[in-house]
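Undergrad: What follows is each chain in one-letter form.
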Amino acid sequence: MIRDPIRDGIAGGWKAIDAAALERDLDLETDVAIIGSGAGGGVTAEILSAAGLRVAIVEEGPLASSSDFRMREREAYPQLYQESAARQTRDRSIKILQGRCVGGSTTVNWTSSFRTPRRTLAHWRDAHGLRQTDEADLAPWFARMEERLSIAPWPVTPNENNDILRRGCEKLGWASAAIPRNVKACWNLGYCGTGCPTNAKQSMLVTTIPAALERGATLLYRARVTRLVTAGDRVVRCEALGMPAPGVSPAPQRIRLQAKHFVLAAGAIGSPAILLRSALPDPYLTAGRRTFLHPTLISGAVMPQRVDAHAGAPQSVYSDHFLDSLALDGPAGFKLEVPPVHPILAATILPGFGAEHAALMAKFAHLQVVIALLRDGFHPDSHGGRVLLRGDGSPQLDYAMTDYLWDGARRALLAMAEIQFAAGAASIMPMHEDAKPLGSWKEAKTAIAALAMRALRTRVASAHVMGGCAMGPDPRKSVVDESGRHHHVANLSVHDGSLFPTSIGANPQLSIYALAARLSAQLAASLGKPLPGE
Amino acid sequence: MLTRRRFLQVGLAGAAVLVVLRVLYGPSRPAAYRVLDARGAELIAALAPAVLAGALPAESAPRAAAIEAVVAAFDQAVAGMSPAVQAEIDDLLGLLCFAPARVALTGLWSPWSEAGDEAITGFLERWRTSRFDLFRAGYQALTQLVQAAWYGNPLAWDAIGYPGPPRLPS
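Heads up: the protein sequence lines correspond to chains B and H, in order. Per our numbering, the first sequence starts with residue 8, numbered consecutively. Per our numbering, the second sequence starts with residue 112, numbered consecutively.
Just so you know, these hints were derived from the structure itself, not from any lab. Treat the hints with caution; some may be incorrect.
Said to hold, decoys possible - Part of the chain H face toward chain B, derived, beta carbon under 8 Å:
hint, residue
1, Pro168
2, Ser171
3, Ile178
4, Ala180
5, Ala183
6, Ala188
7, Ala190
8, Ser193
9, Ser221
10, Thr232
11, Asp244
12, Gly263
13, Leu266
14, Ala267
15, Ile271
As the list claims (entries may be wrong) - Computed far set for chain H versus chain B, every beta-carbon distance over 10 Å:
hint, residue
16, Asp148
17, Arg150
18, Glu153
19, Glu170
20, Arg174
21, Glu179
22, Gly191
23, Ala210
24, Ala212
25, Ala215
26, Leu219
27, Glu225
28, Arg247
29, Trp261
30, Gly272
31, Pro280
C-beta: ideal position from N, C-alpha, C; glycine also.
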């Protein structure tokens, strides 16, 4: 019997309120209101509550936990992801995987936990004027969060899907290494993406949020913040509505949350959307600008042997060869990893339909997949996207791939094919509508060189939305200062992935954890409640 | 996904089409589904054998049951999307179910239930390789939703060698 710490906690008296089941309007008052319960909100809730502040966390998605996590894509995607795991950019050309549940994307991510690359931090200092965010500033916060979330390089033999990436890189002389994962007593099942059924993944759902709730924090779930209401230069309350289900209209009961301080941690689409809906001061139109995605290219290979890429820790090997060997302001670099391959993910990633698609799906057990995450936001020709509001106030990301990024995409498809053939692939196929299975590296090289790199032809996905509320010293170029405080609103902070002035160049969760931890300690001190021992 | 506004931009359908559509058909008929109306369900049931050619069971009774399950799962997935995205999908399906728009946009003269797999495959290929982003987006939306609806179903797993999720001690 696997213990469900969330159901136990609720039975033990946690203040967890289902906003969709309210029978009347709800008024709450607290010291700090935290909007969003993902990587940024979870860490903030734990630290502020430890400092003795009263905290309320508002989360749009449901409170689901290990008893609900049945490892079935068709249940998990509508339950735990934005838009049934089919959120898209405005032109429909990039699919975005983003969590929508208590714990946010940390509940459904694949556990990869990298420190922010040194070169990224140096670029923020040199090109964006950050003065408190260099490696030495952040090192203790990385160490602290690594310890808190049991982050360590995966010591177990990688599954075949990952090992093919390792072997291919080894053959080609390209460096690869084990991925640090945030897990404790992991069962090596391979279902991180549908919610960890054994509570091994140290997501916010099972770590920081329970810690905050134990200290008396309030969790309001299935509650969408509609806007922040200001008086003068202060936010006086946030207003929210209950969300009975993703596809239906909000419940009519009004929720008003008053607080001394407000922290936005709704993710890099959600946080800018709340700023825009609230019409907060934005004299230089910076809110929601420069949003980054790590646009991700995908290459499939059919191996002679079974790969069973659905089983075992989904991401355990990476290669930074094409990040480290390229200048930040040179051609677009990319990080190489693999994704888990489950039936819905495979079916919607493989191009085509009908007999050709069925023939590829028939090789499901032999399918090996590599992904390349493009580093965006470092070059003048990679300025990111923009969060816009639809007529109904819901956000949409407008993101155009530039020629600069398409050049990186083509080089990424080539590199992945070369690795897959070096590791013994029988055939490979770039995920592109015009592609056919290719039987040799020579054939693949010619075919990939000829593919039209275009939206809605080349498959592009993203699981990392970053930026849009950039931190920086200059209000003309950023939304918040280096303490995460809004440039124009006194009692409002941002603590999530939207703070980053560029993409990270690595899976961002640990970058968010560490930054949110540092900002939360500063915030606690500024609210008169310094952390014990600091 | 195709939106009404963008259709105007490419000059393939006027706003009048949708106005007429709504006047002709009025509000959605009640159906067994959460978001699909009867005509939308018929359209997805017609697309499924073409999109999933080579994947659906061959025998007629299991095949019919599989198609019904695909339509139900398509409906479920769309019901889980935000109202704004649901409205876009509704617009796309509505247009495709309106005969003049169907002829203009897909080149299919017969109603969906009579079009046949070959003609439907031809239409999907035209949209897949269209120079208009909107048709390619429409193609991807329709095919991916149908593919997800089938491969999320345990009925589809044996044929692809997926054993399903492991059993945990309960």
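Undergrad: Each hint should be assessed against the structure and marked as holding or not.
TA: Evaluated hints:
no.	hint	result
1	Pro168	violated, 12 Å
2	Ser171	violated, 19 Å
3	Ile178	violated, 15 Å
4	Ala180	violated, 11 Å
5	Ala183	violated, 11 Å
6	Ala188	holds, 5 Å
7	Ala190	holds, 5 Å
8	Ser193	holds, 6 Å
9	Ser221	violated, 19 Å
10	Thr232	holds, 6 Å
11	Asp244	holds, 6 Å
12	Gly263	holds, 3 Å
13	Leu266	violated, 11 Å
14	Ala267	holds, 7 Å
15	Ile271	holds, 4 Å
16	Asp148	holds, 15 Å
17	Arg150	holds, 20 Å
18	Glu153	holds, 19 Å
19	Glu170	holds, 17 Å
20	Arg174	holds, 14 Å
21	Glu179	holds, 15 Å
22	Gly191	violated, 3 Å
23	Ala210	holds, 24 Å
24	Ala212	holds, 20 Å
25	Ala215	holds, 21 Å
26	Leu219	holds, 16 Å
27	Glu225	holds, 19 Å
28	Arg247	violated, 4 Å
29	Trp261	violated, 7 Å
30	Gly272	violated, 4 Å
31	Pro280	violated, 7 Å
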